[in-house]
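Asks: Heads up: the sequence lines are chains R and E, in that order. Per this note's numbering, residue 171 is the first one in the first sequence, and the count goes up by one each step. Per this note's numbering, residue 171 is the first one in the second sequence, and the count goes up by one each step.
Treat the hints with care, since some could be wrong.
Copies of the same chain look alike in the list, so a pair counts if it works inside one copy or between any two.
[Said to hold, decoys possible] Think about it this way: if two alpha-carbon atoms lie no more than 25 Å apart in a straight line, the pair counts; the simulated DMTMM-like pairs of lysine to aspartate or glutamate are:
#1 Lys578 with Asp278
#2 Lys476 with Asp249
#3 Lys587 with Asp172
#4 Lys512 with Asp249
#5 Lys578 with Asp282
#6 Lys578 with Asp551
#7 Lys512 with Glu251
Hints listed in this document are in silico derivations from the structure and should not be mistaken for laboratory results.
Protein chains: 2
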Amino acid sequence: MDFVIKGNLCYCESPARLITVPDGYLVSLDGRVDGAYARLPDQYAKLPLVDVGEHLVLPGLNDLHVHAPQFAYRGLGMDLELIEWLNTRAFPEESQYSDLKYAQRAYDLFVDAMRRSATTRLACFATLHVPATLLLMEKLEAAGLRGFVGKVSMDRNSPDILCERSAQAAAQDVETWLVESRRRFTHIQPILTPRFIPSCTDALMASLGDLMRRYEVPLHSHLSENRTEIRWVEQLRPDAASYADAYDRHGMLTPRTIMAHVVYPEVDEIDLLRERGVMVAHCPASNMNIRSGIAPVRRLLKAGVKVGLGTDVAGGQTIDMMRAVTDAVQVSKLYWRLIDQKQAALTIAEALYLATKGGGAFFGKVGSFERGYETDVIIVDDTALPHPQPMTVAERVERALYLSGECKIVGKYVAGKQVL
Amino acid sequence: MDFVIKGNLCYCESPARLITVPDGYLVSLDGRVDGAYARLPDQYAKLPLVDVGEHLVLPGLNDLHVHAPQFAYRGLGMDLELIEWLNTRAFPEESQYSDLKYAQRAYDLFVDAMRRSATTRLACFATLHVPATLLLMEKLEAAGLRGFVGKVSMDRNSPDILCERSAQAAAQDVETWLVESRRRFTHIQPILTPRFIPSCTDALMASLGDLMRRYEVPLHSHLSENRTEIRWVEQLRPDAASYADAYDRHGMLTPRTIMAHVVYPEVDEIDLLRERGVMVAHCPASNMNIRSGIAPVRRLLKAGVKVGLGTDVAGGQTIDMMRAVTDAVQVSKLYWRLIDQKQAALTIAEALYLATKGGGAFFGKVGSFERGYETDVIIVDDTALPHPQPMTVAERVERALYLSGECKIVGKYVAGKQVL
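Model the full structure from these sequences, guided by the hints.
Replies: Shown next as structure tokens:
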């Protein structure tokens, strides 16, 4: 269980501090990082050593928001508007997961792609179907990945085939699934997943809030993705002070809550997210594809809100979290240029921090090579990117992030266990 | 020289008309397309047939704006602002091309990557160095690619090491290079390449305008990339009515002119570009990375301006033109959302059209599988993207464009000649 990886190490201690250790030694003891050393301390000389040569060694990336059943149609129907896309792509596809044979085939593809990707931990929507959701959890756990999977809850404003028949039955299904998944799985854990306010009745939300407290289970949902949706929530929940408050009234905003998107937060919502310690999943590709806009990440960070990154497949077209890092930088530049020049663009180090240690905080001590962090590691082969000039490790990391499609993930460890 | 490709054909006849021929036959006679047939006409039964199975068969993509000497540092220094980036990355790198050994090494990497890419034709900046520029042309021609390469002209506002010593000497160098490159090369042709207004004196521009007419040679430059640059041009050329007019006064706006970027055109500049038949090279990734903004492509198209796509490496981080297609769609969605909801987002068919037949027009009858078009073809293997559901050819093309990093270009023809 204890080992050393020798290679070109790179990690972010803080958003402003990207650390590289060229030809360094990452020591892992009992699944956790002991340190990233320029020279191997004598006491570790006898540990098994994995020499990855010139390859880059980074903390695994954490995908805070991805829809597993949408993986099958990623990169399709991207010309459609949100509602048309949901009706012609998302909902028909998700309804197929009532068929376990289809789920088997589709989730095998998703889990295999995830295993080979830069992602080590994920927070993932399934569908409302309990058997298919348990199947997905089983496959992810078997692949050695860690994180959270949610059976989706939706009992209104949804197509008949994806609408749970009553709040009571829906809540009962969630409780059954919660208990069974906790019994069966260790590293893939359940997370409550009301789809979003428009698709959950107040009664169902109240029951889910109750389950959240009774079972001490985390929660994952969508918040303020686009203005039409925000106005809809205002109509559906006139009692709430804001979209965020509509969740807060059910006790759903906690340090164990992920809210995806947050493209159009009001000032009081930003305050609420910070006070409650909610983790925001910024999904830049999805926000472009579904024409939502650009989330004000710099404002959230300045206000002290926790932020990580998500791919939001299939609003986003790819599960490649390295791409999510550079997408986050690119849209932040457009935000600065087009919306508010007081909000500086993200640097590559800041965006990499969000994808590693920033989002990793949702999973525990995850996302860094500092002592005590779980040993989540990806080995990146960038030899398909030859160059005529000398390059530093930091430069190679930046280039690998921008050109991830031309690099290969050739090794991966989660909590010290090799999964690729 | 005559042959048939059997595979899943897809091309754009117009921006609104994407045509697919599943399991179709592309017949090429003497380097030009005879037709894209659902069934092979009897008279072609004896032609050599290349069966590419389930692969996708598309027209080659045309990169209208790429800096060959910047390829070596693509994806680097992307946190820098334009001027800092030019001073710390672009200029020091370009100055190295005075050394033919360095140019040899760096251009080998560029040309090899281009050969393996989705690009069949390109319009490319070199540096101001004549020997290195001839070397680049030689390598591109040997690789079987076609298009234009420009020895860059710059005689003011440039670092000493990259500043030509007089307008007269600079113009003489261009003329020598023009004559020699026309003598030596057939399919890679010279294109006049004043870097942009700020880096060329009026005297040099006048000489280049004169060479353009005398030698009937095309021209490639930058126009309206960002507001600071535009204000600078206003100061440098108070006589000109606009940035575009500063070129027009030297007769440089013609149907054989490419202007890259055009992010902030005035109404009269759009009219001028249309009247002169200028081709605009839209470079969405570069416009994000260098924080320029988003070019108003829909406005240009509505006005009847010709538009193609460019990667603008290394403002853009990749020479992957399939990515440029989806980048163009994504930024057009943000333009619609954030700037002007009267300007509809580009569809995937429209963006693919721009990259094929749209930009291809600069090279002749290029970019389509209609009869008479030169046989520029790429074979795309998307088997790394398995799917549980049936998919049409059009869906697979959309997905391959969005996930080009997961696809492979496994074959390429330029004007009927296999180059990969």
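Asks: Decide, hint by hint, whether the structure agrees.
Replies: Status of each hint after checking the structure:
In this assembly of identical chains, the alpha carbons of Lys578 and Asp278 lie at most 25 Å apart whether taken from the same copy (21 Å) or from different copies (23 Å). Taking identical chains as interchangeable, the C-alpha atoms of Lys476 and Asp249 lie at most 25 Å apart only when they sit on different chains, with a minimum of 22 Å there against 32 Å within one chain. For the identical chains of this complex, Lys587 and Asp172 are intra-copy neighbours only, at 10 Å inside a copy versus 56 Å across copies, given an alpha-carbon limit of 25 Å. For a Cα distance limit of 25 Å, the shortest separation of Lys512 from Asp249 across copies, 17 Å, qualifies, whereas the shortest one inside one copy, 32 Å, does not.
Taking identical chains as interchangeable, the C-alpha atoms of Lys578 and Asp282 lie at most 25 Å apart whether they share a chain (15 Å) or sit on different chains (19 Å). For the homomeric pair Lys578 and Asp551, the shortest alpha-carbon distances inside one copy (5 Å) and between copies (18 Å) are both at most 25 Å. For the identical chains of this complex, Lys512 and Glu251 are inter-copy neighbours only, at 15 Å across copies versus 31 Å inside a copy, given an alpha-carbon limit of 25 Å.
The structure agrees with every numbered hint stated previously.
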